[in-house]
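Asker: Protein chains in written order, with this note's numbering: chain A, 1 to 328; chain B, 1001 to 1744.
Since the hints were made in silico from the structure, they are not lab data. Any given hint might turn out to be false.
To be verified - In the BS3-like style, the derived pairs of lysine-lysine whose C-alpha atoms are separated by at most 30 angstroms in a straight line are:
| hint | chain 1 | residue 1 | chain 2 | residue 2 |
| --- | --- | --- | --- | --- |
| 1 | B | K1622 | A | K327 |
| 2 | A | K39 | B | K1134 |
| 3 | A | K327 | B | K1423 |
| 4 | B | K1155 | B | K1227 |
| 5 | B | K1129 | A | K26 |
| 6 | B | K1742 | A | K327 |
| 7 | B | K1742 | A | K310 |
| 8 | B | K1742 | A | K297 |
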Amino acid sequence: MNNFQYKRVSSPAAAIAELSKDPAAKLVAGGTNLIDLMKYGVMAPDKLVDVNHLSFDAIKKEERSLYIGATVRNAVAAGNADVLKYQPLLSQAMLAGASAQLRNKATMGGNLLQRTRCGYFYDISAPCNKRVPGSGCAALEGYNRMHAIFGASSSCIAVNPSDMNVALTALDATILVSGPKGDRKIPVSEFHRLPGTHPELDTTLDRKEIITGLVIPDNNFAAHTTYLKVRDRISYAFALISVAVAIDLDGTAIRDIRLAMGGVAHKPWRLTEAEQLLKGKQATVENFKMAAELAMKGAKAYEHNAFKLKLAPNTMIQALKTASGVKA
Amino acid sequence: MSKKHLENADMETAMSRVDGRVKVMGAAKYTAEVQLPELTYGVLVESTIGQGVITALDTKKAEWAPGVIAVISHLNTPGVPEYKLQNQDVIQKQLRVFDSPNIYYNGQPIAVVVADTFERARYAASLVKVTYAKQQSYSNLEDNLSKAVVPKKAKSDPKGFTTDFLRGKAEAFRDAEFQVNEEYIQPSEAHHPMEPHSIIATWEAADKLTLVDKTQGSQQTAASIAKSFQLPPENVKVLSTYVGGAFGSALRVWPHEIVAILAAKKVQKPVKLVLHRNQMSYMVGYRPYTLQKVAIGASKDGKIVGLSHASYGKTSMYEEFTENVLIMSRMMYDIPNVDTKYRIVPLNVSTPAPMRGPGEATGSFALECAMDELSYKLNMDPIALRLANYASQDPDKKMPWSSNYLKECYELGAEKIGWNKRKAQPDANQEGEWKIGYGVATGTFGAFRGGASAKATFKPDGTLLLQSAIADIGPGTATSMTAIAAKNLGLAPEKISFQLGNSTFPKAPMQGGSNTVATVGSAIVATCDNLKVELAKRAAVQKPEWKNAIAKNIKIVGTQLINSDDASSKVEIASLFSQDNLAELVVKGDAAPGEESKKYSFYSFSVHFIEAHVHELTGVVKIKNAVSVIDCGTVVSPKTARSQSMGGIVGGIGMALMEEVVLDDRTGRTVTASFGDYHVPVQADIPQMDMMFVNERDPYLNPMGSKGLGEIVIIGVAPAVANAVYNATGKRVRDLPITPDKLI
Ligand SMILES: Cc1cc2nc3c(=O)[nH]c(=O)nc-3n(C[C@H](O)[C@H](O)[C@H](O)COP(=O)(O)OP(=O)(O)OC[C@H]3O[C@@H](n4cnc5c(N)ncnc54)[C@H](O)[C@@H]3O)c2cc1C
Chain A
1 MNNFQYKRVS SPAAAIAELS KDPAAKLVAG GTNLIDLMKY GVMAPDKLVD
51 VNHLSFDAIK KEERSLYIGA TVRNAVAAGN ADVLKYQPLL SQAMLAGASA
101 QLRNKATMGG NLLQRTRCGY FYDISAPCNK RVPGSGCAAL EGYNRMHAIF
151 GASSSCIAVN PSDMNVALTA LDATILVSGP KGDRKIPVSE FHRLPGTHPE
201 LDTTLDRKEI ITGLVIPDNN FAAHTTYLKV RDRISYAFAL ISVAVAIDLD
251 GTAIRDIRLA MGGVAHKPWR LTEAEQLLKG KQATVENFKM AAELAMKGAK
301 AYEHNAFKLK LAPNTMIQAL KTASGVKA
Chain B
1001 MSKKHLENAD METAMSRVDG RVKVMGAAKY TAEVQLPELT YGVLVESTIG
1051 QGVITALDTK KAEWAPGVIA VISHLNTPGV PEYKLQNQDV IQKQLRVFDS
1101 PNIYYNGQPI AVVVADTFER ARYAASLVKV TYAKQQSYSN LEDNLSKAVV
1151 PKKAKSDPKG FTTDFLRGKA EAFRDAEFQV NEEYIQPSEA HHPMEPHSII
1201 ATWEAADKLT LVDKTQGSQQ TAASIAKSFQ LPPENVKVLS TYVGGAFGSA
1251 LRVWPHEIVA ILAAKKVQKP VKLVLHRNQM SYMVGYRPYT LQKVAIGASK
1301 DGKIVGLSHA SYGKTSMYEE FTENVLIMSR MMYDIPNVDT KYRIVPLNVS
1351 TPAPMRGPGE ATGSFALECA MDELSYKLNM DPIALRLANY ASQDPDKKMP
1401 WSSNYLKECY ELGAEKIGWN KRKAQPDANQ EGEWKIGYGV ATGTFGAFRG
1451 GASAKATFKP DGTLLLQSAI ADIGPGTATS MTAIAAKNLG LAPEKISFQL
1501 GNSTFPKAPM QGGSNTVATV GSAIVATCDN LKVELAKRAA VQKPEWKNAI
1551 AKNIKIVGTQ LINSDDASSK VEIASLFSQD NLAELVVKGD AAPGEESKKY
1601 SFYSFSVHFI EAHVHELTGV VKIKNAVSVI DCGTVVSPKT ARSQSMGGIV
1651 GGIGMALMEE VVLDDRTGRT VTASFGDYHV PVQADIPQMD MMFVNERDPY
1701 LNPMGSKGLG EIVIIGVAPA VANAVYNATG KRVRDLPITP DKLI
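So here's chain B without its partners, still in its complex pose (with noise of 0.2 angstroms):
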């Protein structure tokens, strides 16, 4: 039997990323380089207090600087229509733009200055006088445990994962022979993408926008801005062709988007907005400090009798943000009690954001950090604990698995990491000066699909041109959706375009929640079929027997189609487009799930390995080796899926060692806000990588047989590397970053 799933080797020589020749050079024009005629420059003035009132704002200086055409604040805003109309959504409450001189955060924007270059608008921006009544702000999780609610959401969404929840017997560990109790910290982590947050900003009319800007969804964005300026939705256009990473931090409309809005309004020019990399660390989301309470109460032979898992995460002062912190407690392992808890504490800070693997990163760092510390308890191998409680369905819906290839994942990874090198006994392996440790962690995320459509322009000369309003943040959408077109019509990937990132394109949903390949890849396949049957229409005309011919059987080889593989049928490509007198053919597809998540429950799978060394006296550690190996069904782009894989061990491995955004309580001010003092992996941190997917099709939910994959490949690497360490000194660093400190 030939082995079905991937390793490095086999994915490096598969297709290569469609832009990456243009990204390389360069070429690619993100939204902070796109120049335009008439273009002024904003800079934002930001609060230096924590909670308080503005009670004056000195903007003569700023005024009267060189270049400065406007200074906007709450005293001359052009105002944001939406805030005066009276059904505000109670639970997602956007911070209020200029709306008010209230102060909720540490960095607020409170004004914004425009100039007719940056570097003039920046200076300006240091020249307004800011003068606070000043309150007391709060902004320390565990010093206002007390002040912890209940979500409105879990109202609107009982079924949800922010509802308290109970199955069995609530506590049911207190029972158990094999108990572990303990606390967990997931520090506050920005997402810090490559590129920059930015937009601008362009009135055409009075009631017509134009945006370039950095987002996830162009038609959401589109939506949103549209609803809160009360212009028709189709005067509305967002165009955001290439996005430099965004991890979650562009769901949504932050205020920094208002404002460029509401500035080029005023100044009645384009105006172009930019955050500083300092910025990124606050306005635009976060993924929040989060502390958690995990118990497990097990028998000896590992089986699990109960987990208690609470979470208490941090919110602003004006919008509640809540994330599936809890699901995989409640579904990732055969539990017969469990019993969650979710709160969140409104604090002085800005409003969190998902942040990949938004959720499940966090609650699978405790619950899989618990899982390991059950596993010392027991004198139990981590990988046979975790089978021995392997949930051959769905225990939360009750439900049939779509595919779980999670015991493909644990048995190729061992064999990759070399699982056997191993001491059951922490701190018993040592080379030299440094300690050597092995942990592991499962990942999971729910494998999602929603409706979308795209729009297939075909030459005569085969060239294929396709269209959705999908955004590429990264992963490489235009080159998958390219694999999938032209495995499905069997046209050379080189003749392929595809056109993203324009909100005037067919629908499509947000990029975010791993659910990009399955929806829209199943547009792509409709579209794809739709022109293949428009085709075979027309070679009828010329082969009868083209009548009655279905999509699946029809194939591009070379400049001709061909039907069921039967030579006779050929007919040129070209001359389906004479015979009519034809420039282009163009087709649409829509393509929606079905009645099937009714039926199974979707995850997608992750096991991740570690092998970690930890200097004896520094503490320092290394890591020397990591190994993910992924369930998403059928790879369908395996070298941008590689790389998907690749992204998330470094990032896991940065949230699991350094990554912390540190505010300085009294103020309510972030103080690790630059570079300098937030930490992300370099390329000396990052291991020998193994990047192995099991391949094996999904049934249910798109036409390709794959799940999501974006998020499961982070899901779990930090508990790994803790694990590891664990292993390696016998040091159990429950806080994270595991930062030298904590383990000398």
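Chain A with its partners taken away, still in its complex shape (with noise of 0.2 angstroms):
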């Protein structure tokens, strides 16, 4: 690890005055992914930016939605009487990820910022373009069984690894950012990036804005959601295949639903065309099934990965089967 400045910030005006003056800063919240990178090499900030302390912190059911502070920690979000109310999904997804000392650390703002966990991006002997862009990717035609079907590029076959990013995809959230020049909201499905040829850059967000939230708008969902993630093992590793589906069920008819998957793509991956096959049609397995094969039009598998082909859409068709409480 390189040495590095640290510095706490006690307002967002003060955290975003250190990015525009430094372009080598970071901010750092809970730490848990970011020390990592630092300890391996991969990413090297001349000044680690403290936002802990910033007043992100809350909670709050609005009128219409459900407002979560930027350093809320995960594990405080996935217990919050509120969220396990209006927005279960986001819960069962956070609980999903990592472990409870982990969820104990980590943030929302992390968490929306994780970066992928490419064996290669890590392993900073190896090419990579997300780490060192024009430099190539060893995944393509190396170990790359936890890598993409959807979505990727010459240039990058990485995924998004967070659970939480999918449901908050499913979920339509929107993340609220602060910067230089003022406040925007940028609609989670707009935030993280598909790699093109710019797989260095995860999301679009600026280098010099800060995560300061983020709102679920309202839904009916919360009594039919699942969050389905298939691993190596039943607990503390990454997806293999993760699914998130949130139903608005009348009776055996599907009124309204959401679907997103995680591990497939360098973005969490929204089924919209699977939902709209689905909408205002009955919950049978059947129609799941339907709906699993269109969600995998256009996917590609690499070397390693083809079981996704097979999973993802197997774990779709559980996940639904769960969600909706049918079993045939």
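Each chain sits in its own coordinate frame; assemble them with the hints.
Answerer: Printed below as a string of structure tokens:
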């Protein structure tokens, strides 16, 4: 790890000022991702700006939405009564991530910006366009079992590793940010990027901007949500495939539905076409299968991840069955 | 008749780990936690290519970095004297540390940075710039099978398990009505003990070295280092008081230990070197990737006619590693025709190492899965198949077993797991989304005993200090030795302390191969017997009837010594000291095996049962129930024995379902080095477990009646899981680990 300065700020403006002043500065929240990456030599900021003391630690039920501050810990949000009541899917997804210890440290802002777990991104002796633009992608023809099947490019096939982000994507969250030019709102679907020719950019957040919080609009999904995460062990592993389902169910009729997938793309993968197909239909396994098939349109596998072409629809079908309570 | 076997509940109340409290409180200091004055810190620089030559090593930036004391490499190493000697052992050829610019594997240590803090050393290590003349590296076993060789060891040990072997007719399976002929893959597995390998090297003088080191054998490490550095053996002292697990990874001296000693020589200060978690998967050995071909042929009644078993394992370019993969195929079942073949493939990888249940864990995976496959072909219960081929004596050595309670193991375990719930048809038992299956597999490992000594220091207050150089890598050696001494003497365990992990203590073997209790326990018995005889001699001064007392009849009861349960013989222990003005009594004891191995074949046995649930859509496997039944002779320390078995099941589940060191064969680099990528079981993966012990005495191996335990607890667990998964799903996974992708 390189030598770096540490600065604690007490206002968002001060944080933004630090970022504007110093192009090699980075915000640090829980530190559970950034410090790891610094230890591996993947990131080497010369200054850490500590946002833990900013007053973004509230969870508030507002008139038609739920607000969660950027520095709220994942464990706190996952156990919060309003989150459990209005957005249980988010809680389920967060609890499927990492470990209790990590969730106690990890923040909403940090989780939104956690970086890929691609082994070649972490190994500084390997080429990686995300780490060193233009150096190549070792995963393309390497060990790519964990890698993308949707939206990848020839420069990067890494996936976004977050569970929380999958739920936020299903729930149409909006990310609140603040920067030198003032505040702005970014729909989560536009927050994370596909790699294209610039995999070094994970998101559309500007380097000088900070996340202050996020809001999730109210919905009628609370009774029928499931976050199903398939991984190599029962707990404490990143997703091979994960599926977030939220259904507004009227008897057995699907009034409205949200679907998103994790472990498949550079960003949380919203399944809009499958949602369209299921909306207004009966919740039957037959329909779930059709939706799953549609969801896989355009999927492309690499040497070690072809299983995802089957595991993804299977997981989706199971998540739909669980969320709807439909067994056959 | 009272039941002799032990179940969970019988063992929970047994004596607890004597060092449990200090360990739980963090008061037990492991190597990396030891602080010494003037300590400096070493961090390794590794190769990032798999094969080639270093053409330039630019260390300037690192040398100028704050806190850096030295950067040492092949360019300026003080050198290892042994490397200059002619007579290198051709089979065990250690990687020669910093001896040349040659690279043999990706991750090879090529330099060390020594600094005043660990963090500064680590940062400076990242500043070393290496230029290579790169060559193609080869690390894939299947792609390089043409390079497979017969190990040199086969020549030096023609009766061993690496030599081509034939009993009866070769490939006799081909004549049988029912046949299984399959290939099985055990991927490389890292030991990953909780405690990373660490060492502190201090040169006390130009020819005198003290090491605080993670090792499974303080004396063997001392001897090996003394040889490498050409030092008088008595001038090398090794301390390894606490070891946080090792599983075989600390059975030898590794390059990082040599590096620390070289670095300490160069900087003339103590150097601490702690491996990074990632380095634990290629710097200290691993269970080698092994491809096996197993063919079995049987007649309709399940009698096996012929078994052929071949094994191809990875080894490094510079050193031959072999293990007993094929042992079980030769001795486990009563088969007239057996042929085995063992090959190794030298590749650009570091040298493997024995890992818990070495050889047999790998071999039993193939053999016991093949047995299961055969049972389905025969439409025969897998337990019945094994019983139909039960060997009533060792068919390999053609000697009677010293003891063998396998039949009891099958019976107890089948009852406990509810074997009658198993459906003979695979994929025929489902509850909701989950397919349910049951599997069984057998394990065995030789029961060994070596020579050892111990020292006892007894005080008038009745406290006893026992010492042995043996390591405790986790099984609870101090506890079992205390239990053995307490039982022998009649002394309360609280009065006994046992010190270990110090090369200056009395002779002991390495802790490996499940022989500690048999070997060191016997020395403890001998020492306690000697102590009792010594006390009796002194008691005879007070009461002449003590003159002919024999150790077996002497007991300590409270503060008194008693002979043959005769109350009139009682003497106060304190008086035996005061009569001669003695502050303490020091006695020693030695023990060694006799001729018994010429008459009997010594093996421990285990049978493992697994109930697995497999999700019909996602392929997720949940182990619902695990039962291990163990024949390790008399159980000397029930609670720690139970913990051993528990750990074996957990390790076996890891081996079966998730553990895999993956190399990128383009570079030979490990891609699953971090704990984020190399999965070991977490609590949620671990089911209800029943650890059962037959607890029948082995009459021949040692005075305690015990056999070995540490290996058989894992050998057979992985195939039991694979067999249960097959029973649940009808899918036979022959390449571990059984991850969800292989079941959908
Ligand atoms: C062993 C391990 C296992 C894990 N398993 C999982 C898992 O299964 N599922 C899962 O989803 N996650 C998992 N994680 C990841 C974990 O969720 C993230 O590390 C965590 O959410 C990051 O939050 P943090 O507050 O610690 O971020 P930090 O490490 O502090 O920061 C991460 C990034 O966010 C930036 N940042 C932080 N706050 C702000 C802000 N307010 N505005 C702008 N930028 C900001 C930082 O500059 C940095 O670039 C795992 C992590 C570890 C170490």
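Asker: Below or equal to 30 angstroms on CA atoms is what counts here, so check A:K327 against B:K1423.
Answerer: holds, 24 angstroms
Asker: Hint check: B:K1742 vs A:K310, CA-CA at most 30 angstroms. Holds or violated?
Answerer: holds, 11 angstroms
Asker: Need the status of pair A:K39, B:K1134: alpha-carbon distance at most 30 angstroms?
Answerer: holds, 27 angstroms
Asker: Is the straight-line distance between the alpha-carbon of B:K1155 and that of B:K1227 30 angstroms or less?
Answerer: holds, 25 angstroms
Asker: Taking 30 angstroms as the top limit, are the C-alpha atoms of B:K1742 and A:K327 close enough?
Answerer: holds, 24 angstroms
Asker: Check whether the Cα positions of B:K1742 and A:K297 lie no farther apart than 30 angstroms.
Answerer: Holds, at roughly 23 angstroms.
Asker: Is it true that the CA of B:K1129 sits at most 30 angstroms from the CA of A:K26?
Answerer: holds, 27 angstroms
Asker: So if I understand the rule, the pair passes when the alpha-carbon distance is 30 angstroms or less; does B:K1622 with A:K327 pass?
Answerer: holds, 21 angstroms
Of the numbered hints given earlier, the model fails none.
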